[in-house]
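> For reference, the chains in residue letters:
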Amino acid sequence: MAKHFIILIGGPGKFQGCDKAHDQTWTNYIVPLQLAAKNDLYNKAADETVHWVVYEPPYRNRWLDDAVITKAEARQSDGYWLHNTRKRAAEKVKTSGASNYLHRIKLIASARSVTYQGISSPQEFWNYLETFPKNSISRVYYSGHAAPSALLLSLAHDNTCGPFADGKDVISVKDINKNSKLADRFVTSAPPASKFYGCYTHGFANEWHNVFGVPAEGALHKIDFGSIDRPSSYNNVLERLQQTGKPDWKTYR
Amino acid sequence: MDKHTIVMLSVLLLGGCSDSANAGKDFEAQLDNAYEALNLALYGLTYPHYQRILDDCIKDSDESCLRSYKRVQEGKKSILAAISLDEAQVLRITLSRIKTKCVSEKTDDSIVCTGAIVALYFFDKQHHQPQIREALRIMSQPSFKRVFSAKYEWMYNRPDPDQWIAFIKSLPDHVMPPNEKKIEIETFEKSKQPFEKFGVML
Chain F
1 MAKHFIILIG GPGKFQGCDK AHDQTWTNYI VPLQLAAKND LYNKAADETV HWVVYEPPYR
61 NRWLDDAVIT KAEARQSDGY WLHNTRKRAA EKVKTSGASN YLHRIKLIAS ARSVTYQGIS
121 SPQEFWNYLE TFPKNSISRV YYSGHAAPSA LLLSLAHDNT CGPFADGKDV ISVKDINKNS
181 KLADRFVTSA PPASKFYGCY THGFANEWHN VFGVPAEGAL HKIDFGSIDR PSSYNNVLER
241 LQQTGKPDWK TYR
Chain X
1 MDKHTIVMLS VLLLGGCSDS ANAGKDFEAQ LDNAYEALNL ALYGLTYPHY QRILDDCIKD
61 SDESCLRSYK RVQEGKKSIL AAISLDEAQV LRITLSRIKT KCVSEKTDDS IVCTGAIVAL
121 YFFDKQHHQP QIREALRIMS QPSFKRVFSA KYEWMYNRPD PDQWIAFIKS LPDHVMPPNE
181 KKIEIETFEK SKQPFEKFGV ML
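If you read the sequences in order, they're chains F and X.
Going by this note's numbering, the first sequence runs without a break in its numbering and finishes at 253.
Going by this note's numbering, the second sequence runs without a break in its numbering and finishes at 202.
Here are the simulated BS3-like pairs of lysine-lysine, each with C-alpha atoms no more than 30 Å apart in a straight line:
| # | chain 1 | residue 1 | chain 2 | residue 2 |
| --- | --- | --- | --- | --- |
| 1 | X | 151 | F | 250 |
| 2 | X | 106 | F | 87 |
| 3 | F | 3 | F | 38 |
| 4 | X | 182 | X | 99 |
Estimated spans, in silico, between C-beta atoms of each pair:
| # | chain 1 | residue 1 | chain 2 | residue 2 | range |
| --- | --- | --- | --- | --- | --- |
| 5 | X | 197 | F | 213 | 21 to 31 Å |
| 6 | X | 162 | F | 35 | 49 to 59 Å |
| 7 | F | 88 | X | 66 | 26 to 36 Å |
| 8 | F | 250 | X | 137 | 39 to 49 Å |
| 9 | X | 166 | F | 113 | 53 to 63 Å |
| 10 | X | 138 | F | 210 | 29 to 39 Å |
| 11 | X | 137 | F | 233 | 52 to 62 Å |
| 12 | F | 190 | X | 127 | 51 to 61 Å |
Chain F regions said to be covered by chain X (calculated; three or more residues, Cβ under 8 Å):
| # | region |
| --- | --- |
| 13 | 140-151 |
| 14 | 156-170 |
| 15 | 176-182 |
Simulated from the structure, these hints should not be mistaken for laboratory data.
Yeah, the Cβ is synthetic: ideal placement off N, Cα and C, and Gly gets one too.
With the sequences and hints as input, model every part of the structure.
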């Protein structure tokens with residue numbers, strides 16, 4: 001029977017010059033998965049199909065911000081030309097033949113034989129899992145922002161430049177148990193671990209393991225997505241995320 | 001008492017003498033600001049959600065984390081100061097915000113919604129509980145769902161968890177399906193045991 005490997009991809013916030021630590025580039029949560037697909041780092045089984053489930057609203061908003069709104073921007077108080085960085089990102093996407101960020105992700109997915117599924121609400125992620133037959137989901141990955149209480153599928157900033165998620169854009173730890181009926185969708189015979197690449201996802205991974213009865217992994221501390229763009233002794237980009245800094249990667253099995 | 005709180009109290013006291021309508025609006029605006037701050041305790045990206053994270057944050061002098069923590073602390077002080085002045089009014093406004101803001105699609109409203117739900121943590125006296133339960137009982141489904149959408153701190157400091165469990169059991173299945181009732185009942189049960197402090201408790 002065909003197996004399905006689901007990867008949920010969260011999105012970036014809008015570019016914020018005041019928050020140098022988050023989402024200076026729109027590609028943070030895509031590039032690790034793109035590289036993993038390109039270099040066969042998923043250790044994909046022959047009967048496994050990879051699905052990218054992309055939370056689309058933040059990519060749509062960021063595109064509007066980077067490709068349209070930035071044209072009106074001027075030099076910032078810190079001397080930084082915001083629009084240059086963002087325009088460059090948008091133009092690179094256009095040069096690649098894509099019409100916007102989501103189109104670019106779809107083209108990458110297609111080139112790597114990955115099934116693309118866009119979603120506009122967190123509930124649609126659960127709905128998508130439910131479409132698969134029993135005993136067919138081999139594992140689930142996540143790439144994006146997170147907090148101990150939830151996967152944060154999008155990011156916003158308050159008037160003090162504090163980053164936060166809107167409660168409508170999250171998958172909370174509690175949601176796992178609410179969807180416990182999906183346990184029968186997972187492969188029961190020696191499934192590979194589900195992995196949650198986000199800060200403080202260990203509680204989410206633990207609950208995933210408890211409710212769905214499959215091995216799961218997550219970070220006790222922060223994940224450094226910036227490590228993707230820096231030289232590293234870890235050639236495997238997914239392993240790099242698990243090891244760079246002090247994420248203290250936890251396994252529940 | 002911090003500057004923010006003093007300003008709010010001054011507005012309240014002066015408002016009583018000069019322009020009570022404007023003072024009331026200012027009072028609600030100050031509460032909304034506090035709710036926005038409390039939203040960070042649940043969904044703030046850099047907020048130290050547990051003591052060990054706060055310890056690291058202080059040790060590493062993590063500016064973003066400390067700023068987020070400070071903002072939540074200020075929000076807590078504002079709410080508590082307001083409660084000390086007129087707890088009935090603050091509870092009424094808090095429940096009203098949950099009722100109206102949690103149905104909105106706007107992020108600005110959603111932040112206030114989450115923060116107001118977090119603020120229920122501060123209404124932990126026995127006499128608050130019937131009013132909260134009654135408000136929930138007649139609340140629209142979207143707002144009601146948000147109140148139980150996450151691991152909120154308020155579920156861990158109820159003075160009468162057994163009454164809350166009875167409330168959950170009494171809800172029609174179309175309001176809260178049986179599997180979700182089980183989850184919420186377990187949470188109220190857990191609140192009777194020792195647990196690690198989190199979120200706005202810090």
